[in-house]
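Asks: Can you make the complete structure from the sequences, with help from the hints?
Under mature numbering (1 follows the signal peptide of the UniProt record, and there is no 0), the residues of the sequence shown are numbered -22 to -1, 1 to 935, in order.
If you are wondering where the hints come from, they were derived from the structure by calculation, not from laboratory data. Keep in mind that a hint or two might mislead.
[Said to hold, decoys possible] Within a straight-line C-alpha distance of at most 30 angstroms, the following computed DSBU-like cross-link-like pairs (lysine-lysine) qualify:
1. K104 x K91
2. K108 x K171
3. K354 x K198
4. K682 x K86
5. K491 x K249
6. K473 x K656
7. K104 x K171
8. K410 x K354
9. K707 x K473
10. K656 x K900
11. K354 x K216
12. K99 x K171
13. K346 x K367
14. K491 x K104
15. K86 x K108
16. K112 x K96
17. K542 x K656
18. K108 x K96
19. K216 x K346
20. K707 x K656
21. K551 x K900
22. K811 x K542
The structure displayed is predicted, hence computed values, not measured ones.
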Amino acid sequence: MYVCFEIIIFLQVLNFNYFAHAQDPACCQHAAELSQCREGCDQLATIRSESRLKHFLQRLPSYCPESMNELWTCINSSLPGTSRKPEGWVGLGCCELAISPECRRECKQASSKNDITKVCKKDTEKPLYKCITKNEMGSLCCSYAGRHTNCREYCQAIFRTDASPSTSQIKAVEDYCQTVSPQLISCVNNYTKSYPNKTPIDSLYCCDRAEEAHCQSSCKHILRTMTTEHEIMEGLIKECGSQPLPQDPLWQCFLGNANPPPPDPEPHPQKIDWAKLHCCSKANTSDCRGMCQEISTNWGTQTWQEFDQVCEYNPVETDLITCLADVREPCQLGCNDLAYCTNFNNRPTELFRSCNVQSDQGAMNDIKLWSNGTIKMPFMNIPVLDIRKCRPDMWKAVACALQIKPCCSKSRGSIICRSDCVDILTQCGDRKRFGDGQSPERICDLLSPSDDPERCIPLERYLKPSSLGNVFEEVIHPCNPNPCPSNHLCEVNRKGCHATQDCLPYLCVQGCKLGEASEFLVHMDTRIQVPAQNAGVGCYDVCTCGPSGRLENCASMPCIDTGKKCIVGGHKKGHGTSFRVDCHPCSCYAGETICSTRQCLSTDSSDEDRRRFTGLPCGCPNNFLPVCARNGRTYPTACVARCMGFNDSHFHFGTCRNSNPCSPNPCTSRDKRCVPRKRVCLTDTAEFPCQQFECVSRPPSCDKNQLDPVCDTDSTEHPNLCVLYQRGKTLAYMGHCQDACRKSQEVCGHNGETYSTICEAYSDRVAVDYHHPCYAVGVVSEYPSDSGCNPKHCPPLSTKGCTPVTPPGACCPLCAGMLQILWNKQQMNAFAKLNRNQPVTLHDILRILRLHVSVPQCDIFGYLSIDSEIVILVVPVDQKPTPLQIQACSKEAEKIDSLINYGSPTLVSHVPLSAFLTSEVKVSTISSSAQPSATPLPLCLSLLLLFLTSAGASWGH
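Replies: Structure, rendered in structure tokens:
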């Protein structure tokens, strides 16, 4: 089975706008000497989506320098109406700064600054025009970088910041761009001169942050007597003996070039970082918990210096340190464009915390410092031989790994493996200078205690370049690096664009910081769980990210007794601990053991027991006589529904989708119409009724510019749901209308529902199991049984060499990543109470989880299994995905699984995801014979912006 199997039967049945002219293949002969450019040029001829072409042409200069005049002249002449550098609206990212809604709307629709001058007055919209001017200047200056990626990145960093560019930023541009383009240097200098000049003595206040008195006095002397940043850095390194690490308070202050605090006799007001405060409850020692709370709630505190020394390398504080790392630097897929750590490039399906030019430069600086003969740690110094002669490649891999920070699948920490640590210190450690009791083994026991390749970084992987070669855009990462302003989140564009707009694969949306001192952003209008201030461990507030950009409307949750233990098999389990009992995943929650209701066979079961085992809840027979329960879920039989806690009055025979909640009409008001609203509720249906309809007034006006396309039952497309209702039409499915879905072609979804078309299934965020109406319950238990499925109806796997997964209750396997999530219903009920008694739905879960999938080539689908686990599928969207794309989707599933199981604030600060207890992941693997290829991206990707990416983008239907 494959999720895209019906959408792309033939390209001619889809609504593509083919260009009247195709790019001339002869153009690519001008790119013969540059392989990546040639690959990109060849791909132009295969693209038939205008939005995809525009985005591709914007990226192509990264592979084909604009100095290749013959190539670009040929491309432009053969693609009339499409320029490699379209009249881009550089002010688009500034539109959210507009004060008036009219100006904001006009800005988003504009194609140039001239289009907004009538509505957006310069005297009243100063922040907007200041941002546009800065973007225009940045666009001009950085265009001189051509194909030199590092130069362009450092240039763009100058214009991304709202504050004065730091001396370090300006110097980085000079270092990387001096030989590339004198015009760029001159252009940047003209821009930076508009800011007040700063001298070294402006940073004198930073010296007070040094720990040692000698360093403080030396620092002040250096800043008063030396002028260049190079002299100052060398002097500080020599006198203070410290590495320029971001966690060192002296270097953080100096390199950050932060403005000194104004003279103020009053103490600083308390400023909180809620995201870090989330992590403090994970501390295993009271000292680290107290210091964590101090550094998370008090602005400017020095306690974190002690925290680094006491807690950073404390093996009992792994969960705490990992959580803080997730907050500071979440793991992201993909790494590229590094100039020094080049062996880390071209790894689109690996996770990294800090793949950027700053970390690349940091690794280079580390090597320079270590070459002095000592590696300085917060609690020890490691003497080494000349690393320029002793295993230099290995030392470079160490420096790059510690800076770029690959994320391991089971441990979120970034440490090298113990065997590598012992090996390199055995060969290159300076034994003559080792202290008493020091040895490679003892040092590595502290720094790198694990040799599990899923919990540490094996250096062998990075001693040579990636094996993928030049894989050209099979997997892209639109939000890595982040292209959005500092107060906006980047998310994958899954809605498409208006025909008049350039369609980029990402959107910048305004967000809220989790506290004044936090850089962690959450989406507008989302509900966020944060630790309650001045309350004990286990007490939380639920707040809303409001239009002001701050958390507001906070309400208290009932406190959780995290001190209560669970007794399991005579052993105590602490709160939040996950474990298994037979085949059941379980979790201890405030003294209560919560387990799945999966069916198990004990090891001593008789042959008769095994023969009669169906795998269904309560041993129900494997029949298919569906009933619709009042939570909106269709169960295969009344027996299963009863086993899940529903009595006979709580369900009716037939599937939920076939029942009409609007007949008879439940809406009493004459000016309202009844609209079906199919949903599956996760809350108590007695306390929070799971209504399958809503009474909708005919809207007086709709914003036709709000793009969230929907298709009605007449196969007519409307820009959004409001317009559809205003026109009195009936919704068929979310997303663009598809010719392939005009006729009914029934399919069975993983949730046991029969859909008229595949478009309806995808609109419901449900992946498809097989053609034809649902007729059987598939495999539910991990133990084999006769499921009643007929394998011959399963389509072939989407990719050869794929080891598939079979979702619970499904008949057919597929190539995807799959999560099975155990959750707490009591917490869901508590969230519903705080949200005006509105039930929590499965779509609420999917909507938030979808934001955590960063690769456009993958999408989220999900359902509630018949034994009440939440099943999430991360599936490739292409009809014939490459092995690399399948690996990317599997890695996305592993990333989410790890965030759940580690309780990372990145995920569980979102309500209702904080009700997740534990997760199990299964992923598709690719056999060695099906290696990732370097073929061009399949044309099916354009559907990402035409259908699949918009299906289910709105959750109110």
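Asks: Would you mind marking each hint as holding or not holding in the structure?
Replies: Status of each hint after checking the structure:
no.: 1; hint: K104 x K91; in the structure: 14 angstroms, holds
no.: 2; hint: K108 x K171; in the structure: 16 angstroms, holds
no.: 3; hint: K354 x K198; in the structure: 23 angstroms, holds
no.: 4; hint: K682 x K86; in the structure: 14 angstroms, holds
no.: 5; hint: K491 x K249; in the structure: 12 angstroms, holds
no.: 6; hint: K473 x K656; in the structure: 21 angstroms, holds
no.: 7; hint: K104 x K171; in the structure: 20 angstroms, holds
no.: 8; hint: K410 x K354; in the structure: 17 angstroms, holds
no.: 9; hint: K707 x K473; in the structure: 21 angstroms, holds
no.: 10; hint: K656 x K900; in the structure: 29 angstroms, holds
no.: 11; hint: K354 x K216; in the structure: 13 angstroms, holds
no.: 12; hint: K99 x K171; in the structure: 27 angstroms, holds
no.: 13; hint: K346 x K367; in the structure: 13 angstroms, holds
no.: 14; hint: K491 x K104; in the structure: 24 angstroms, holds
no.: 15; hint: K86 x K108; in the structure: 16 angstroms, holds
no.: 16; hint: K112 x K96; in the structure: 21 angstroms, holds
no.: 17; hint: K542 x K656; in the structure: 39 angstroms, violated
no.: 18; hint: K108 x K96; in the structure: 17 angstroms, holds
no.: 19; hint: K216 x K346; in the structure: 12 angstroms, holds
no.: 20; hint: K707 x K656; in the structure: 17 angstroms, holds
no.: 21; hint: K551 x K900; in the structure: 26 angstroms, holds
no.: 22; hint: K811 x K542; in the structure: 25 angstroms, holds
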